[in-house]
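Asker: I would like the entire structure built from these sequences, with the hints used as guidance.
Residue numbers (UniProt numbering), protein chains in the order written: chain L, 1 to 332; chain W, 1 to 115.
Be careful, since some hints might not be right.
[Claimed, not checked] Straight-line Cα separation of at most 30 Å, DSS-like style, residue types lysine-lysine; simulated pairs: (1) L:K161 to L:K257; (2) L:K18 to W:K59; (3) W:K40 to W:K59; (4) L:K82 to L:K257; (5) L:K82 to L:K181; (6) W:K100 to W:K5; (7) W:K69 to L:K18; (8) W:K69 to W:K40; (9) W:K59 to L:K161.
Keep in mind the hints are simulated off the structure, nothing from the lab.
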Amino acid sequence: MNLIDVYIQEVTRRLPEKNRADIGLELRSTIEDTLPDDYDEEDVNTVLQELGNPAALASEYRDQPMHLIGPRYFDIYVSLLKMIVPIAAVVALISMIAKYFGAFGEEEAILNAVLHIIGEGIWVVIQVGIQVFFWLTLVFAILERTDKGKYGEPLATNFKKWTPNDLKNVAYISGENSITKLRVFGSLMWTTVWATLYFYANQLIGVYEGSEVGLEFVMPALTQGVLMSYWPLVLVVILLEVSSSIYKLIIGKWTTKIAIFNTVIELISTSLFIVILSNPNLFQPEFLSYMSDLFNISSSQFKFWLVGGAIIILVLSATISIFDGFRRALNR
Amino acid sequence: MDDLKNSLATELRRGTLTLAVLSQLGTPQYGYSLVQLLEKSGIDIDQSTLYPLLRRLEKRELVTSSWDKSENRPRKYYVLSEYGHEIYLQLKEEWIENSKVLYKLLEGGGKNESD
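Answerer: Below is the structure:
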């Protein structure tokens with residue numbers, strides 16, 4: 001009798017609270033059914049032996065998966081992990097370096113500074129990696145448990161059932177119009193880099209001088225206040241670029257629609273940067289005079305060449321990107 | 001060698017268990033009576049597989065259950081629901097079709113071997 005009680009307890013304690021009583025009662029009644037009328041401990045042993053390990057029996061009763069992330073989500077999980085970890089690590093690294101220059105201790109020796117950055121950099125990358133890994137795993141573990149499509153097949157990267165079209169995402173057959181994951185990753189990385197530079201401009205962009213304490217950030221080139229007055233628009237451009245990257249990842253190839261979307265983004269971002277660049281208060285006056293001294297030209301001349309050059313590069317790269325998009329879209 | 005054979009055999013059997021259980025639930029049965037019925041027909045089923053299977057069938061609304069607590073030993077009875085009956089008929093049809101095909105295939109295979 002005692003053994004049966006313990007056995008039932010061993011099974012039910014592994015089950016959700018609401019099912020315990022019912023399953024326990026049913027188990028007891030079936031066990032007693034199986035036993036002969038006049039049973040001894042040996043009979044009980046035989047019956048329990050047949051029912052097997054309580055843990056195994058309990059796992060048969062449980063509906064929830066015994067794995068964290070199953071075959072349905074594993075593939076998509078791994079590819080997202082591979083994409084997000086490096087991007088998050090780069091963001092963390094850049095902002096760490098920016099903060100470091102911002103609070104630059106003057107008496108630090110060059111070796112110390114380098115060691116400090118390397119040491120902290122490794123630490124930051126590990127931390128971010130762990131964070132991303134944890135949260136992404138948590139999200140997918142929850143997805144695995146809440147997904148109602150229980151009899152589902154594994155999903156492709158676009159969260160849909162696999163179709164032969166997904167083969168077009170595979171790098172091996174990438175023709176002119178395919179968008180590889182590497183490309184999407186590259187453009188996400190680029191967005192990350194320039195966005196970080198934008199938000200930390202007064203600590204990263206400027207004049208660096210070699211001194212006995214190593215590379216020293218002497219003066220910022222841009223006025224952060226002026227830059228920040230555009231932040232809502234910049235945020236819109238960032239969001240547009242990120243959503244376009246994700247959209248490209250899902251569709252997997254250049255289409256006319258994507259090329260048009262790409263054109264719109266390029267036009268918006270290029271005009272935004274031209275507006276920012278032509279703001280008369282954008283550059284720090286000390287920076288302008290420093291640079292014009294360096295090149296032996298007047299301060300306004302230097303500014304003209306700098307802004308002009310930057311605009312030409314911006315417009316050129318935007319034009320190339322727009323045409324490249326259409327060329328790839330129409331080239332099927 | 002034997003292990004492999006056993007695991008393949010278990011795999012073959014697993015699919016048929018649901019059908020076997022459904023076929024016996026036209027009349028209400030409780031766990032142990034179902035075991036006896038199946039054993040009498042020569043179907044060897046682990047009790048640790050059968051009871052959870054019954055619960056899953058209930059959860060998917062193929063069977064309904066009711067407790068009979070009038071006797072000194074309470075028993076949980078399972079019986080096919082209308083939906084379960086429909087599904088059972090379809091599965092049965094499919095199984096019979098499949099086994100015919102497979103039988104032909106296996107017979108044919110035997111001929112090829114002897115050739």
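Asker: So, for every hint listed, does it hold in this structure?
Answerer: Checked hints:
{"no.": "1", "hint": "L:K161 to L:K257", "verdict": "23 Å, holds"}
{"no.": "2", "hint": "L:K18 to W:K59", "verdict": "14 Å, holds"}
{"no.": "3", "hint": "W:K40 to W:K59", "verdict": "27 Å, holds"}
{"no.": "4", "hint": "L:K82 to L:K257", "verdict": "28 Å, holds"}
{"no.": "5", "hint": "L:K82 to L:K181", "verdict": "11 Å, holds"}
{"no.": "6", "hint": "W:K100 to W:K5", "verdict": "23 Å, holds"}
{"no.": "7", "hint": "W:K69 to L:K18", "verdict": "20 Å, holds"}
{"no.": "8", "hint": "W:K69 to W:K40", "verdict": "27 Å, holds"}
{"no.": "9", "hint": "W:K59 to L:K161", "verdict": "26 Å, holds"}
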